[in-house]
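> Take a look at the letters that make up each chain.
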Amino acid sequence: MTDTPLSLIRNFSIIAHIDHGKSTLADRLIQTCGGLTEREMTNQVLDNMDIERERGITIKAQTVRLSYPAKDGKTYVLNLMDTPGHVDFAYEVSRSLAACEGSLLVVDASQGVEAQTLANVYQAIDAHHEIVPVLNKIDLPAAEPEQVRQQIEEVVGIPADDAIEISAKTGLNIIGVLEALVTRLPPPVGDADAPLQALLVDSWYDAYLGVIILVRVKNGRLKRHSKIRMMSNGATHTVEQVGVFSPAMRPLDDLGPGEIGYINAAIKTVADCNIGDTITDDRRPASQALPGFKASIPVVWCGLFPIDADDFEKLRESLGKLRLNDASFHFEAETSAALGFGYRCGFLGLLHLEIIQERLTREFNLDLIATAPSVVYRIHRTNGTEEELHNPADMPDGSLIESIEEPWIRATIMVPDEYLGPVLTLCNDRRGRQVDLTYVGTRAMAVYRLPLNEVVFDFYDRLKSVSRGYASFDYAMDGYEESDLVRISILVNLEPVDALSFIAHRSAAETRGRSICGKLKDLIPRQLFKIAIQAAIGGRVIARETIGALSKDVTAKCYGGDISRKRKLLDKQKEGKKRMRQFGKVEIPQTAFLAALKMDA
Amino acid sequence: MPEPLALYIHWPFCLAKCPYCDFNSHVRDVVPEARFAHALSRELAHEAARLGRRPLTSIFFGGGTPSLMAPDSVAALIEQATTLFDPVPDMEITLEANPTSVETGRLRGFREAGVNRVSLGIQALDGEALHRLGREHTAGEAIAALELARTLFPRISFDLIYARPGQAMAEWRAELDAALALVADHLSLYQLTIEPGTRYEALHRQGLIALPDEDDAAALYCETATVAARHGLLGYEISNYARPGAESRHNLAYWRYQDYAGIGPGAHGRLTLDGRLHATRRHRAPEPWAERVERMGSGQTSETPLEPGERAREMLLMGLRLAEGIPAARFAARTGIALADAIDGDVLGDAIEAGYVAWHGDCLAATSEGRLRLDALLAALVL
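Heads up: the sequence lines are chains A and B, in that order.
FYI, in the UniProt record's numbering the residues of the first sequence are 1 to 601.
FYI, in the UniProt record's numbering the residues of the second sequence are 1 to 383.
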């Protein structure tokens, strides 16, 4: 039973750039409030997936309930909501933020505000959060708290006079943070007697319990054994367990308004639990759902093919298992002449794509080829119909197309001014349109509108390299615009290799075509026969390269004792060939595919 | 009519292991000559007993270093083989010899034992190169051995290794010219290959041995054939050059995929037994091989019948090494598969168009361009 008065509850999230110390601070808060014994404290308690831990990013929202005896003599319930920290999960972030009343804005006092932080802090402002700036790593000699304060005020536009200076690493002034939560954040509001309205913040799949749903109760009480209803689709479930994370799961009888906790209702897949949905009581439903619900739509698609065709079934099962836990990712069967059977998969963004790919490789032990990521285009046919297209292979003939629209983004890039020149050049080369350019001290903030298509082509890598890693980047989707787009096919010995085709703006087609032909020339080893590589738009060849025949490949000595060995070698080559991607007589090694598909344009 | 037979006899011992060599050779402080000569003799008798009388087309003493054998042992084995089988007239009997002074001293004895062809492991005519190849002889000794061999044997051949680290085209051309002036009727000219498990492989991995790149290696190969042809020696196999008629008949038996028996440690055989072709092999390690022979009469460890597909692949990979190619009729008879069914017709068409293979009447042959790329050609062509 949670009967904590609303006045003693504080719900907050932490906004921070990667490496600015979010997880360390969270650990300190948990430790200070006695949530875990020393022995249970592993570093960074909240990020429990390997990938999250390694990359310092959070994929699933998580929460922990802390009990803090404040200086005013009262003991407060502090619910820390750990949010996914990446633009790909902007919607998920917005729902997590909607579950809280305030945020800690953690900024590395030696680094300053980064682009990603900015996007999240704006979201928090949109969610009407009270924001408490925290300057971390104040113990470092390079810390410049005054400058960073000024930057927060100028860039973020919130007062930073009373920013709290801490060192999460050494534990310096953690109490200051806890006191600020109690004194500066508003308590939640809600009516315990009103019909139930609980925000579905996130959900994940637990092998033992089934789906666990993370909720924030806004009004009413969420009780064990009650029958709940999902307001987006009307599905009903019986609540088997209600509880809070302390951080271990602790069952309770119910959750009251203002509370954050979990429920478990024998739901089989997270696909039935839409983030942002409103959970209500089936017998006494709320008349209105909470605002802000959106279905998640993939933005970036790519084909995933097993390197070993025998792994197709395993890939299918693995994708199914991942989807149990991540309803935002989509997959449908795809057949490629070049790569065989695989799946066309849709993601919320590039990081999401990378994470899924990495999990398939790491957790499911699959060797995969991923085709070049594609955005979702809108094709208007001459016959008046409209369709969405995310696979270049499906692009209709040019004569059937009236017009094509492509998605644009609004990108925010923060970079030390000495690297600004090349960053602007990069944006301009990628058809970017400058929206804004401002300076704070020696750091520039460039806001650009860019076609997403240009960003999925190695934009991050280029940005990192031209700024020596100092640029930070963030984006939000920003509508569709008509564009002069063409499909570029790659032909090997006159045969199109479907998996290598891609869509690009006409102005970039030749450069990209030449670049991919040149790369393939370097990546495909010389073979028995010479190989022609061409890039073409429709029937028109825009670039070509020739790989000459290999000049010598023969065993010098072969006598009576060598026959068995040579024959077995030949047998093995034959076996290997079956697994090779053959195009006519040309073998394209996996490495060539991987590198060609990754390449910059 | 029983299948004609070529006989290979392996002597597994060397004075030292050469750093590039991955052959089945072993170094012993004291070579148990009598024991091994006796074991070879026993194994030969054992093999003959089951093979029955067959025409014997050639004998080849290989190694290791068979010139370290006592000429008497060689004489006894030749005598035994010619008694147990039916030697063809003017049967070729080859012995591999190293040109150290000790072994050169035995050449006369080998001739008297019945050896009529000697194959000298000269490898290089450059002192520094010989040293680096780990050879025990000098260039002077090599030439002396060759001079003597020429007076003793009706047929001689020698080996050279080229495309050695740091060896430029001009140097090799000069060395090859010098070698061809020494008047042999047969040469084996091998491009240096880094074999797994050799000392050269370790050095290569550490970057201490640099081999020419593919294009340079191809140029060296083509130049070799040109220079040899100028001296009247034609490349009849990938690494073997001979005056017409002076080809190694024993090695031709391998490449033509005929029956051969291999005795001695690690020796392989291809034998028609009860109408089916079998692959045989013997224990590789010398002493365990000898123990087996002493216990059971044979050091054989396996005898596997070969399926038609296996026979076809083996015959292709051997036969296309020869300039003469593979006669389709003989291929079908030997393997049970028609030549056209053993290869990819599409690839064949392209290979003919690219000038890699050609039909000479009934014979499918790889051209010199095709032989230069034979490994890749086989991988594409063979089904």
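To be clear, the hints were calculated from the coordinates, so they are not data collected in a lab.
Heads up, a few of these hints could be off.
[To be verified] Derived, one-sided and incomplete: chain A residues facing chain B with beta-carbon distance under 8 Å:
(1) VAL155
(2) TRP204
(3) THR555
(4) TYR559
(5) SER564
(6) GLN573
Here a beta-carbon is modelled for each residue, glycine too, at the ideal position from N, C-alpha and C.
> Using Cβ atoms only, decide whether SER564 of chain A comes closer than 8 Å to chain B, and label the hint accordingly.
Constraint on SER564 of chain A satisfied, holds at 6 Å.
> Taking the least C-beta to C-beta distance, is TRP204 of chain A closer than 8 Å to chain B?
With Cβ-Cβ at 48 Å, over 8 Å, it is violated.
> Hint GLN573 of chain A vs chain B: min CB-CB distance below 8 Å?
holds, 5 Å
> Quick one, is the TYR559 of chain A hint okay against chain B at 8 Å, beta carbons?
With a closest approach of 5 Å, the TYR559 of chain A hint holds.
> Given VAL155 of chain A as an interface hint, is the shortest Cβ-Cβ distance to chain B below 8 Å?
violated, 52 Å
> Using the nearest Cβ pair, does THR555 of chain A come within less than 8 Å of chain B?
Given a least distance of 6 Å, the restraint on THR555 of chain A holds.
Of the numbered hints listed earlier, those contradicted by the structure are 1, 2.
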